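This is what each chain is made of:
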Amino acid sequence: MRLNIGLAQIYPKIGGVQANLEKHLAFIERAASEGVDLIIFPELSLTGYQVMDLVPEVAIEARADDPIYRQLLDASKQFNMDIDFGFVQRDMRQRYFVSQAYLSGGETLHVHRKVYMPTYGMFDESRYFDWGEHVRAFDTRFGRVGMLICEDFWHVSPPYMLWLDGADILIFSSSSPGRGLDGGERLGDSRWVEQVNQAYGGLFTSYVIHCNRVGYEDGKAFWGGSSIVDPNGNFLVRGVYFDEVLLTHTVDLNQVRRTRARLPLLRDERPGLMVRELARIRSKDNVEPT
Amino acid sequence: MQASQVRVLHVNGTQNIRDMITERLAINTDVARKMLTGFIRDEVEKAGMKRAVIGLSGGIDSALSAYLSAEVLGAENVLAVRMPYKTSSADSLSDAEAVIEKLGLQNMTVPITEMADALINQFPDMSNLRKGNIMARLRMIVLYDQSAAFGGLVMGTSNKTELLLGYSTIYGDSGVALQPIGDLYKTQVRELAAALGIPASIQQKPPSADLWAGQTDEGELGFTYADVDQVLYLLVDERYTTEEVIAEGFNRAFVESVWRRVKINHFKRTMPNIAKVSRRTIGHDWLYLRNYTGR
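Sequence lines, in order, name chains A and B. Be aware that the first sequence starts at 1, since it is given in our numbering, and climbs by one per residue. Be aware that the second sequence starts at 1, since it is given in our numbering, and climbs by one per residue.
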């Protein structure tokens, strides 16, 4: 099966939910004319990244009766295009999450709440947001998919769990500020993220799709560089940095089967062994400092 | 097999620290150019403007900032202002002129001698430091006046070295709307300036605030930018302690004096503190990006 992927490497306006919604719809319409089946937007694509005290103002509920959310649901049906986008999610009890929704045919197939909140260096997320508690794969018309948001995939366990939960397509969204200018052709942190994504593709013999935003917030330059890694660990798409762009690429999902026939890492993976050893490592005797 | 027969390779991981830092301070100038020109355009547009005003001293920092600004905004949208005092060197004016001509910038010259002397002459024993601060602050006033007249943002020209050292006048050269080269050490400013083809006379001359005849930065500071950039890079970027820097072979007195200087001038890099009395206070727990304008 072939899947035409659109990576909407956009520059969201900070706090501008209505303007950002309009940009989403414009990118979706354009992607439709390019025959895109699945369009992916970056982390917090509806709100901008450093929303800080704007959180309550920009938050929406992931419900069909929310006027903003409704329009994206409608677009997924109207254009027969699956849509993955980022937003600040409000729950019923005044808690806020960094969330990513996957919409298809006018329905919500899954909402992932970011499970790792970077709160160090220039990051301050757990000051404003609550932590997601679930890492779950879900079924789509293109196969089983897993979504993660930025810091989630800087930790090795969430992609690993999604892999064991059946995901053959890992979708990573981020708002990653550029840093680490040195003599290299790409920023130090761009190189690092690309190494990580390439490793996941190869280790999990899966597709790894990454959409990172561009633009500026208070001097931080988001580097873009959205990419697709195939199950052999090769980059199919990469290399457009800093510019707002819709990148499209058609992948052959049958490559997953061919790669796994050559390299049966999933078949031979031993989650029971891992769970047993993790339980031992997590047991009281082993976690208390000696 | 005998132990003596085991073949050993000493893979030497120790590189001369100064060579290592020099290597790490090197920048890809294409990436830097892309990030910084994009930043300038972004900040100017978010302010609802299309233009910039820049004080052109004839030195490398303001020349580089002018080159980056002209590249992204267009030379016709950049107003270069030369603001000589009577003691300013002739080279400063001619080097600034070279930048203006090469880029085709809009430009004007506003001498500050009369306005500065109106204050300076009231205090016959005024120190050079006070005079220099007055000049820097008057230049800020001229630039902000032109900002209103020309409709342009006031471009900052401070580099990371001088921001860290606090080698600046608060509300003088630090009184600007944006700082495009504020995360580049002087060494890196030089590298980017060379890549952009800034006039050789500007690249080669000793850096100077030009506040009095014969003044040079390195003379006044007591060390070279090349040396201090190495120490600052380890302390700031690589998070070394002063003891770790000294253990790498840098002079103790030098390292300690640099770090002391960085710390005592921290107030120049922050907004004035607001005394908190309410439950929600600007800067304490009323937190929004500068870039958030609500527009």
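Since the hints were derived computationally from the structure, they do not count as laboratory data. Being a predicted model, the structure only gives us computed values, none of them experimental. Glycine is no exception: its CB is placed at the ideal position from the N, C-alpha and C atoms. Hints should not be assumed to be uniformly reliable.
Said to hold, decoys possible - As a list, the in silico DSS-like pairs of lysine-lysine whose alpha-carbon atoms are at most 27 Å apart:
1. K102(B) with K205(B)
2. K46(B) with K220(A)
3. K263(B) with K220(A)
4. K23(A) with K46(B)
5. K34(B) with K220(A)
To be verified - Here are some chain B residues pointing at chain A (derived, C-beta under 7 Å):
6. T22
7. A26
8. K34
9. F39
10. F150
11. V154
12. W259
13. L287
14. L289
15. R290
Compare the distance between the alpha carbons of K23(A) and K46(B) with 27 Å, and conclude whether the hinted pair is satisfied.
-> holds, 18 Å
Restraint check, 7 Å cut-off on beta carbons, for F150(B) near chain A | Not OK, violated: F150(B) not within 7 Å of chain A, min 23 Å.
Please work out if K102(B) and K205(B) have their alpha carbons no farther apart than 27 Å.
-> The given pair, whose Cα atoms are some 18 Å apart, holds under the 27 Å limit.
Restraint satisfaction for L289(B) [CB to CB of chain A, less than 7 Å] | Holds. Min distance 5 Å.
Measuring from the C-beta of R290(B) to each C-beta in chain A, is the shortest one below 7 Å?
-> holds, 5 Å
Cut-off 7 Å, beta-carbon criterion: hint that K34(B) touches chain A = This hint holds: K34(B) lies near chain A, its Cβ roughly 6 Å from the closest one there, short of 7 Å.
Against chain A, with CB atoms and a cut of 7 Å, does the hint on F39(B) hold up?
-> Holds: closest Cβ of chain A sits about 6 Å from F39(B), inside 7 Å.
Should the interface hint for L287(B) be scored as holding, given a Cβ-Cβ cut-off of 7 Å against chain A?
-> holds, 5 Å
Should the interface hint for W259(B) be scored as holding, given a Cβ-Cβ cut-off of 7 Å against chain A?
-> Where the cut-off is 7 Å and the nearest Cβ of chain A is about 21 Å from W259(B), the hint is violated.
If you take the shortest Cβ to Cβ gap from T22(B) to chain A, is it below 7 Å?
-> Cβ of T22(B) sits 10 Å from chain A, so the hint is violated.
Is the hint on V154(B) kept, meaning its closest Cβ partner in chain A is under 7 Å away?
-> Hint violated; V154(B) Cβ to chain A Cβ min 16 Å, cut 7 Å.
CA of K46(B) to CA of K220(A), is that 27 Å or under?
-> holds, 14 Å
The structure fails hints 6, 10, 11, 12 (numbered hints given earlier, in ascending order).
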